Amino acid sequence: MTSLNLSTGLKSTWCPGCFNFQILTGIKKSLLNQPDFRKEDYAIAAGIGCHGKIFDYLDLNGINALHGRVLPTMLGMKIGNPNLNIIGFSGDGDAYAEGMEHLIHAARYNSDIKYVVHNNQVFALTVGQPTPTTEIGYKDKTTPLGENIYPLNPIKLMLSAGASFVARVFADINQIEWVLSEALKHKGFAFVEILQPCIIFHPAKELKEKTYSLEQAGHDKTSFSDAMKKAEEFDYNMMMKIPIGIFYQKEREIFEDKFEQLRNLKDKKISWRDIKR
Amino acid sequence: MKINILIAGHAGQGPNALSKVVGSMLVKWGYYVFISREYGSVIRGGQNFNTITISDEPVMSNESKTDIFVVLESEFKDIKKCGIVLIDEKKSNMYFAGRIIKLFGIDFSILEEELKNIKNLEENIISAKKGYDEEKIRIPLKKLKNNLSAMDGSTAIAKGAIKSGVDVYFAYPMTPSTGVLGELAQRQTENNHLVLELEGEIAVINAAIGSAITGAKSMVGTSGGGFDLMTESLSLAGQAEVPVVIYLAQRPGPATGIATGTGQADLNIALNAGHGEFSRLVVAPGDTTECQELTSQAFYFSQKYKIPAIIISDKHLAESIYSFSEKPIMTKSQKPTNIGRYNSYEHDESGAATEDVELIVKNVQERLKKHAAIGKDSLNFETVKVYGDKKSKNIVLFWGSTKGAVIDASKNINAKLLQPLYLEPFPKSLSNKIKKAKKVIIVENNSTSQLSELIAKKTGFIVSDKNKILKYDGRPFYSDELQAELRKRLK
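From first to last, the protein sequence lines stand for chains A and B.
If you read the first sequence in the working numbering, its first letter stands for residue 2, the second for the next number, and so on.
If you read the second sequence in the working numbering, its first letter stands for residue 948, the second for the next number, and so on.
These aren't lab readings, by the way, just hints derived from the structure by calculation.
Remember, it's a predicted structure, so these values are computed and weren't measured experimentally.
Far from chain A, by Cβ distances over 10 Å, these chain B residues were calculated:
no., residue
1, 974
2, 977
3, 987
4, 1024
5, 1036
6, 1038
7, 1054
8, 1090
9, 1200
10, 1303
11, 1316
12, 1328
13, 1381
14, 1382
15, 1417
16, 1437
Here are some, though not all, of the chain B residues that point toward chain A, as calculated from beta-carbon distances under 7 Å:
no., residue
17, 1115
18, 1146
19, 1150
20, 1158
21, 1183
22, 1286
23, 1287
24, 1290
The beta carbon of each residue, even a glycine, is placed where N, CA and C say it ideally should be.
The whole structure should be built from the sequences, with the hints applied where relevant.
Here is the structure:
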């Protein structure tokens, strides 16, 4: 571990006890444990929502982008400099509501970027409206009749869309540290969902105890059909058994390698500025 | 002298290829040409009309009358009364190329050279030769010494972007912006830039912002509806201070509107789109030379001031072929800055979000200062062009693609012609000139006269309704019809 500290020193505005602290710490630990970690080799993007404040607390270059637009921004960042490691953060509203079209295409493109979705199954920063992964029956001020639309299963969606790395963990420092390291090792688009209770609007107290490890259950992450079966065990509606870990991982040609112009920047470790025309 | 050739045929019969070949030969023969095209939003079977205007002096528009009517499809034979009609339904497009050059007395070898640039060489040469041998009419054009080139507006914008050092161009296909996408895509390997089509205009603009912050000179292209989708991110580029060049090729709206028509109804959105208050540049080229020059200026301003810069064009400019002899004067722009911390929230110098009252006010004031600095810097450029009778007390105002028709219509007319190239920042010199005028006439391809609205807002000067010459049928102005309109108002 280097002596670097990835904190900006800004005072946090997350609620005391918020699981975002676990996520932030897990991300930092994972990054600082990367071999030969240098800040300048990384850039981040975040959306808008409680998760997005991670941009203010994580001292790396990048952008706090628009709600729902983290993925195309990350893709652009990678194209602007394919030598950078790009990590993006979204909330469930950001990723699964406003930004859905980008999510499907990001899985298809398979750019070598790492995407972390903080899924607390609620729009927290706007004080508690349901998102596409909120369970049926959830009520808030704006849904007095109760949420009545069946939730989306993002794991199944990502598998069908062709994501080459699909994982889900609980918002726990060690799990996050582990999964980001695995995602960074993976060459291609990594989709990582973090199941996260919102202590104010969506406490989901039994969430953690329902989880079990895919790895310990002997899951074969190279099998697409096994991954699909495991993905169906938790439908984001009923609190049933929740498998966590890597559902699926299979490397295929990455987006950047399909373009000679980007391969050139990577091979020579140069940026667009260095191109003489 | 002026000769107008109208070529009518179905999409798929090659009226475009025919008009390009004829135009290119005439340019090599020393003649100025202007070629515009009208077509429907279909790939096969729609009605296509290409008009070629030929002149021994500069020409940048068509006339409504037709001198030579080339009919590729007999169902169109009655749409135009004309002295010379070339018709033979069984023949291919290049047969008519042969007939046309024989008619003008141009050597067949020039056509042979020209055909080498397109596919089906042998077949084309046989039919061209047949046409050449069969034509009996003669309107000989003697070879002129003019050294001319020709290109369409899309090619000119793409050339301008390449010369300005564009690294990445993102787009989602939409007529009439797609010409630039195609041209840049064709040239990406030789020039080592990258062209990408993403899942939609929202992805396009956000990817461009992403690539700009990590160090690529970035540009996007779109048309009205696509530009609407980009609007939120235009505001992001303003807040986060990210340099991005946006090519906006107008077509008539609202909504899907007339997909393959021309119009100038999106000036208001170019000037005003995006929530909040932030600086932008809006420039409006009116011919291919200006397309190149203003593209380089858009890159200059966007890179120097970290702002979105919009180049507003339209179908008529993008898809018409202009002939010219001058070389564009290009402006050098900075390379993108290295990555830092950018934020869509109001933020401090470190890039962290803030709600601090003093900082908010300071940031807003900084943005206002930047706006003033851009205005001042714009004075180093030609923001308004003046043509016509420069001593006249009458003014004819226009912007963008109406330039060709206005200039061609205003020969021997008692008026000074003013073309603002910059619409944001608004050129102050324009306001001084307008206020001194006896009569101000405005020519626009829209129904609400968006330029006069802008002038009223910026200067308080109201152009009287009877002096607005507006065309909103999805078609460009013809110079002869426009001349009659101008004369009526100058009486």
